Each structure stands twice: as C-alpha cells, then as structure tokens.
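**Student:** Residue strings, one per chain:
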Amino acid sequence: MTALNTGHEAVSSVTPVRRRAATRGRAGLAGYLFVSGYAILLLAFGIFPTVYAFFLALTNDRGQFTGLNQFIKVAQDYRFAPAFLNISLYLVMWLLSVVVLTVVVAIVLRSRMRPRLSAIFRFLYYLPGALAGVASVLVWLFMLDPAVSPVSWLLRSLGFADFAAVLSPGDLPVILVLIAFWTGAGGWIVVMYGALNNIPDEVLEAARTDGAGPWKTAWHIQIPMIRKWIAYMAILAFAGGTQLFVEPQMLQTASLGRVSPTWSPNQLAYVFAFQHGDFNGAAAISIFLLALGLICAALLVTRSDLFKVDES
Amino acid sequence: MTNASNASATRRRQTTLVPNLIVIALFAALLLFFVVPVVWLLLAPTKTANELIHDNPLSFGSLANLGAAWQHLIAFQDHALLMWLRNSAVYSIGALVITLATSVPAGYALALTKFRGRKTLLVITLMVMIMPTATLVLPIFLELNQFGLIGTIWSVILPFSFYPFGVYLVYIYFATTLPREILAAARIDGCSEWQLFTRIALPLAKPVAALVAFFSFVGNWNNFFLPYLVLPNSDQFPIQVGLNQLLSSTPSFNPVAGAGLNITSPELALAIIIAIVPVLVLFLFSQRALVSGMLAGATKG
Numbered sequence: 001m002t003a004l005n006t007g008h009e010a011v012s013s014v015t016p017v018r019r020r021a022a023t024r025g026r027a028g029l030a031g032y033l034f035v036s037g038y039a040i041l042l043l044a045f046g047i048f049p050t051v052y053a054f055f056l057a058l059t060n061d062r063g064q065f066t067g068l069n070q071f072i073k074v075a076q077d078y079r080f081a082p083a084f085l086n087i088s089l090y091l092v093m094w095l096l097s098v099v100v101l102t103v104v105v106a107i108v109l110r111s112r113m114r115p116r117l118s119a120i121f122r123f124l125y126y127l128p129g130a131l132a133g134v135a136s137v138l139v140w141l142f143m144l145d146p147a148v149s150p151v152s153w154l155l156r157s158l159g160f161a162d163f164a165a166v167l168s169p170g171d172l173p174v175i176l177v178l179i180a181f182w183t184g185a186g187g188w189i190v191v192m193y194g195a196l197n198n199i200p201d202e203v204l205e206a207a208r209t210d211g212a213g214p215w216k217t218a219w220h221i222q223i224p225m226i227r228k229w230i231a232y233m234a235i236l237a238f239a240g241g242t243q244l245f246v247e248p249q250m251l252q253t254a255s256l257g258r259v260s261p262t263w264s265p266n267q268l269a270y271v272f273a274f275q276h277g278d279f280n281g282a283a284a285i286s287i288f289l290l291a292l293g294l295i296c297a298a299l300l301v302t303r304s305d306l307f308k309v310d311e312s
Numbered sequence: 313m314t315n316a317s318n319a320s321a322t323r324r325r326q327t328t329l330v331p332n333l334i335v336i337a338l339f340a341a342l343l344l345f346f347v348v349p350v351v352w353l354l355l356a357p358t359k360t361a362n363e364l365i366h367d368n369p370l371s372f373g374s375l376a377n378l379g380a381a382w383q384h385l386i387a388f389q390d391h392a393l394l395m396w397l398r399n400s401a402v403y404s405i406g407a408l409v410i411t412l413a414t415s416v417p418a419g420y421a422l423a424l425t426k427f428r429g430r431k432t433l434l435v436i437t438l439m440v441m442i443m444p445t446a447t448l449v450l451p452i453f454l455e456l457n458q459f460g461l462i463g464t465i466w467s468v469i470l471p472f473s474f475y476p477f478g479v480y481l482v483y484i485y486f487a488t489t490l491p492r493e494i495l496a497a498a499r500i501d502g503c504s505e506w507q508l509f510t511r512i513a514l515p516l517a518k519p520v521a522a523l524v525a526f527f528s529f530v531g532n533w534n535n536f537f538l539p540y541l542v543l544p545n546s547d548q549f550p551i552q553v554g555l556n557q558l559l560s561s562t563p564s565f566n567p568v569a570g571a572g573l574n575i576t577s578p579e580l581a582l583a584i585i586i587a588i589v590p591v592l593v594l595f596l597f598s599q600r601a602l603v604s605g606m607l608a609g610a611t612k613g
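In order, the protein sequence lines correspond to chains A and B. Heads up: the first sequence is residues 1 to 312, going by the numbering used here. Heads up: the second sequence is residues 313 to 613, going by the numbering used here.
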C-alpha cells in the first residue's frame with residue numbers, strides 16, 4: 001500500500017508538467033479545429049473584404065497604385081461634403097433624442113411605476129422594433145401622408161398640406177429620426193431598464209434614507225451607475241447612424257426624385273459603384289465609413305470595461 | 313413638529329406635481345407614438361384605398377376588403393410575394409444553421425481552450441461585432457463581384473452566416489457558466505476534446521444557442537442592403553427587397569410605374585404585415601433575450 005502510494009506520488013510529481021504540456025497541445029489543436037469554421041467566415045467576410053477595399057481604394061481601375069488619389073477624388077466630389085453634413089445633422093438629433101429620452105423613460109419605468117404597468121409600457125414601446133428596416137419606412141410613409149395619416153390634423157396644423165410638402169429634402173433628418181426612434185428606442189429602453197435593475201436595492205434604499213428624492217436619486221446614483229451603458233448605447237447608435245442606407249434610399253424613391261439619391265455617404269458609395277461603375281471610388285468612400293466604425297469599436301473595446309477579453 | 317413636517321410634505325407634493333404631470337404627458341405621447349402606427353397598419357388592409365383616405369383612420373373596414381387585398385397582392389407578378397417569403401426563409405434559416413454550427417464551437421474554444429492567437433481572434437471578433445453590419449456590405453459586394461459569385465444564393469447566405477456577435481455571446485456564456493475544472497476532470501477520465509465538447513458543452517449550450525438564433529434570424533430577416541446589392545433578379549429577392557419593389561409599384565408613391573396595377577395602399581400595408589409576421593412572433597417572447605444579449609459580459613456594479 002505504502003509502496004503503491006509512493007509510486008503514485010512519484011508518478012504524479014513527474015508527470016504534471018508533461019501532462020499539462022500534452023493537454024495544452026491536444027486542447028490547442030482542438031481549439032484550432034473548433035474555431036476553424038468561424039475563422040474561415042471571418043477571413044472571407046470580415047478581413048478579406050476590408051483588405052480588398054483598401055486595395056481598391058489605393059489603386060485605379062487598371063490596378064495601378066495611385067496612393068491617396070481615390071480618397072482625394074471622392075472627398076472633392078460635390079456630393080461628398082453634403083452627404084456627411086446630412087448624416088451629421090441627423091446624428092446630432094438622433095443621439096440627443098435617443099440618449100435623453102431612453103434614459104429618462106427607463107428611470108421612470110424602473111423607480112416610479114408599478115412593476116406590472118411598467119412591463120406593459122416596456123412591451124408596447126419595444127414592439128415596433130419588429131418592423132426594423134424596410135417595413136418601418138413604409139409605415140412612416142403612410143404616417144406622414146396627410147391623405148391617410150391618423151395624425152393628418154397634426155400634419156396640416158404644422159403646415160403640411162400634402163405628402164410632397166412633408167417629404168421636402170430639408171425635413172429628411174427629422175423624418176429619419178422619427179423612424180429610427182420608433183424602431184430602436186423601445187429596445188434601448190428595455191436594455192437601460194435591465195441595466196438599472198442591476199443596481200442593488202440597498203444602494204437606492206440608502207439614498208432614500210439620506211433624504212434624496214426620486215429625481216436626486218436618478219441624477220446622483222442611477223445615471224452615474226449606468227453611465228457606461230449609456231456610452232455603449234450612444235456609440236452603437238452613432239456607429240449605426242453613420243451607415244444609413246435603406247431609409248434615405250426608400251424616401252428618395254417615394255419623394256419621386258426630389259430627395260437627393262446621394263443623401264447619405266453609403267448612398268453615395270452605392271451610386272459610385274452602380275451608376276458610375278467606379279468601384280475604386282466606392283471603395284474609398286466605404287473606407288471612410290469603415291474608419292468611423294472602427295474608431296467607435298476601438299473606443300468601446302479599449303476604453304470601457306464592458307467586454308471581457310479574458311477570464312478573470 | 314408635526315405641523316412643520318405636514319407643511320413640508322405639502323410643499324413637496326406641490327413641487328412634485330408639475331414634474332409628475334410632465335412625466336405622465338411624456339409617457340402618454342410616447343405610447344401614442346409607438347402604438348398608433350402599429351394599430352393603423354393592422355387596420356389598413358381591411359379598407360379600400362378610398363376608405364383609407366375618407367374614413368376614420370383608426371376604423372375597421374371589412375373582411376371582404378382584406379380578402380380582396382390578399383387576392384391583388386398574391387396576383388402581383390404571379391405569386392411573387394410567396395416566392396420572396398420563401399427566399400427570406402431559405403436565406404435566414406440557412407444562415408442560422410451555419411451560424412450555429414460555427415459560432416457555438418468557436419465560442420466554446422475561445423472560452424475554454426488555449427491556443428496561440430486566441431486573444432487576437434477574440435479582439436478582432438469584438439471589433440467586427442461592434443461595427444455596424446452595413447459597414448462591410450459594399451466591400452463584401454466588391455469581393456463577391458471579383459470572384460463572380462454575384463446572384464447566387466450563397467452570396468447572401470454565407471455573409472449572413474458570419475456573425476461575430478453570436479461567437480461573443482457563446483464565449484461569454486461558456487466563460488461564466490462552465491468551470492474549467494469540470495473539463496480538466498473529464499480529460500483525466502480519458503475524454504477526448506471532441507467528447508468534452510459534444511457531451512459536456514453542447515448540452516449546456518441550449519439557452520445561448522436560442523439567444524444567438526434569435527438575434528441572427530431577426531437581423532438577417534430584416535436585412536436589406538446586402539441582398540439589394542448582390543441579387544439582381546426579382547425571383548431571388550428576399551421579402552425586404554420585394555417590399556421595396558412593391559413600393560415603386562404603388563400608384564400613390566409612384567404614379568408613373570404604378571399605373572394599371574392593383575397594388576394600392578391596402579395591399580402595401582398587408583404586404584408589410586405579412587413580411588414582419590415571423591419577426592413579430594419572435595418579438596412577442598424576446599424582451600428577456602434582448603436584455604441578456606445586450607448586457608452580456610456586464611461587469612456588475
């Protein structure tokens with residue numbers, strides 16, 4: 001028995017190192033196999049298109065290296081600045097409304113309403129999210145047409161006599177904010193509510209016993225404690241907003257050509273590729289947009305502790 | 313003392329009355345804003361185009377009108393609507409299958425195995441996941457065009473299958489629920505790496521697989537940009553691109569192209585409803601999924 005024991009100890013004192021190494025080798029190989037399917041997709045539809053877009057943007061249609069010429073060409077295009085200006089205007093309005101309103105609504109739903117009622121509100125606010133994309137634009141075309149809209153009285157009192165008056169190019173940012181808010185805000189309210197739920201009750205209780213009213217609690221406790229989720233929402237909303245394509249494209253169709261077909265940068269890239277046949281120029285525009293997306297992503301990954309990259 | 317506290321209570325009630333009214337007004341306005349368009353949409357196909365203009369916008373028309381709208385819609389381009397729906401189902405479900413088959417093992421390996429490049433892969437996954445999907449659509453189009461893959465169903469299904477957010481969700485799930493010690497013990501018992509995955513990890517993966525499936529399906533069903541670029545033929549369109557075509561065939565939005573067609577506002581409204589039914593059904597049950605998905609990996613506090 002003793003002999004066996006010592007034998008065992010001897011074995012176990014020698015092998016751990018070797019066994020760990022062996023296990024790592026085996027698990028390492030298995031790890032590669034497990035990620036291989038995904039890695040192929042990542043290479044094919046994440047990394048390669050990015051590299052290829054860079055290659056196109058740095059060359060001309062005969063494949064000759066042209067340095068930054070494509071970037072300069074598209075940036076000097078008469079439609080480039082207006083497109084970025086358009087989405088900037090849209091982004092300011094969209095970010096202000098989505099950040100302020102979702103946070104206020106989530107806080108009221110969390111702390112000032114009976115749970116059942118709060119659940120009903122969250123559900124009803126969230127539901128239009130199912131109509132994201134094309135469907136939401138179509139619904140809002142009807143909502144904004146004084147002839148059929150349930151709020152035609154409101155549209156008329158704002159001075160919009162008919163559909164053409166509503167869909168004038170200057171109104172596009174507001175219309176796009178309405179659509180984005182209608183489909184997106186409810187989901188964010190639900191997420192912010194979930195984040196607020198993670199604040200321990202004792203913290204709120206302590207604030208109350210210290211005499212803080214609901215608004216003071218919201219301002220000094222709840223908002224600071226979900227600050228990183230608010231930043232997360234703002235960055236994702238910003239990144240998504242820079243990429244507008246479907247909405248202005250369909251509004252352009254419905255406006256019978258009065259809205260510019262190159263309202264957003266993505267539309268401009270589309271026109272470069274499909275109407276001018278200029279893939280190099282289109283690639284250069286998408287590199288600008290890709291850079292915006294990458295900056296947002298890098299900000300979130302490096303500057304926040306929202307995402308775990310290693311088990312702690 | 314009691315008087316004083318009563319007075320301060322009254323004052324407090326007075327000072328909170330106005331904010332309360334503002335809050336109530338805000339909530340009522342938002343409720344109308346979110347709900348009225350949905351109600352209008354559900355009622356619209358029961359009316360004729362004429363009734364839509366002249367009747368109360370939130371009134372119910374008749375089932376006969378609904379039937380007529382359905383007949384017109386089905387007749388459009390010889391059952392095009394049903395074909396678009398079938399295409400959408402093929403693309404979304406095909407992509408979903410490949411997404412699950414690749415993201416579950418990948419997330420598992422990132423969480424629980426060690427290999428060179430693991431951290432790099434994880435960071436790239438995070439970056440691509442945060443970037444909006446539309447960012448890569450044009451570059452993917454240019455790539456597919458280069459390889460002559462434009463117009464095949466794979467030019468939609470394969471890019472749809474690439475879903476880094478799904479990998480991240482699975483990674484977080486395994487990293488937080490499956491202790492390494494269990495795997496280490498099973499390894500000592502002689503389990504192969506494949507057996508560890510299929511016998512221990514996979515049975516545990518059901519909830520996260522459902523979560524990934526929800527986000528992937530909804531995202532792909534509603535995706536417009538990629539299929540719009542890579543599919544030239546109407547008989548390959550998913551429903552979202554089909555709706556766009558219906559829009560340009562509706563007289564009220566396009567008097568020129570729409571002349572002589574039976575696609576008017578009620579038909580368009582019905583098409584919208586049909587297009588969103590699958591996603592709507594998922595949405596009825598998905599609030600919890602949304603929260604756990606979006607807050608995944610949250611460090612508490």
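Be careful, since some hints might not be right.
Stated by the list, open to error - Chain A regions said to be covered by chain B (calculated; three or more residues, Cβ under 8 Å):
(1) 47-54
(2) 65-76
(3) 132-144
(4) 167-177
(5) 183-197
(6) 286-298
Said to hold, decoys possible - Here are the simulated DMTMM-like pairs of lysine to aspartate or glutamate, each with C-alpha atoms no more than 25 Å apart in a straight line:
(7) B/426 x A/162
(8) B/431 x A/205
(9) B/426 x B/501
(10) A/228 x A/305
(11) B/426 x B/363
What the hints assert, rightly or not - Across the chosen pairs, the derived CB separations fall in these ranges:
(12) B/463 x A/48: 43 to 49 Å
(13) B/506 x A/62: 47 to 53 Å
(14) A/223 x B/522: 29 to 35 Å
(15) B/341 x A/62: 57 to 63 Å
(16) A/96 x B/347: 48 to 54 Å
If you're looking for bench data, these hints aren't it; they were derived computationally from the structure. None of these values were measured; they are calculated from a predicted model. Backbone N, C-alpha and C define an ideal beta-carbon position, used for all residues, glycine too.
**Student:** CA of residue 228 of chain A to CA of residue 305 of chain A, is that 25 Å or under?
**Tutor:** 9 Å, holds
**Student:** Okay, the segment 132-144 of chain A and chain B, do three or more residues pass the C-beta test at under 8 Å?
**Tutor:** Check passed, 10 qualifying residues.
**Student:** Quick one: see if chain B covers the segment 286-298 of chain A, three-plus residues with Cβ-Cβ under 8 Å.
**Tutor:** holds (count 8)
**Student:** Between residue 341 of chain B and residue 62 of chain A, does the C-beta distance stay in 57 to 63 Å?
**Tutor:** With a Cβ separation near 58 Å, residue 341 of chain B and residue 62 of chain A satisfy 57 to 63 Å, so the hint holds.
**Student:** Take the C-alpha atoms of residue 426 of chain B and residue 363 of chain B, compute the straight-line distance between them, and say whether it is at most 25 Å.
**Tutor:** 66 Å, violated
**Student:** Per the hint of 29 to 35 Å, is the separation of the Cβ atoms of residue 223 of chain A and residue 522 of chain B within bounds?
**Tutor:** 33 Å, holds
**Student:** The hint says 48 to 54 Å between residue 96 of chain A and residue 347 of chain B; measuring C-beta to C-beta, is that right?
**Tutor:** 23 Å, violated
**Student:** How does the Cβ-Cβ distance of residue 506 of chain B and residue 62 of chain A compare with 47 to 53 Å: does it lie in that range?
**Tutor:** 50 Å, holds
**Student:** For the segment 47-54 of chain A, count the residues whose Cβ lies under 8 Å from any Cβ of chain B; is that count three or more?
**Tutor:** Since 6 is at least three, the answer is holds.
**Student:** Would you check the hint for residue 426 of chain B and residue 162 of chain A, treating anything up to 25 Å between C-alpha atoms as holding?
**Tutor:** 64 Å, violated
**Student:** Would you say the segment 65-76 of chain A counts as covered by chain B, given the rule of at least 3 residues with C-beta under 8 Å?
**Tutor:** violated (count 0)
**Student:** Taking 8 Å as the C-beta cutoff, is the stated coverage of the segment 183-197 of chain A by chain B satisfied by three or more residues?
**Tutor:** holds (count 7)
When held up to the earlier numbered hints, the structure conflicts with 2, 4, 7, 8, 11, 12 and 16 and fits the remainder.
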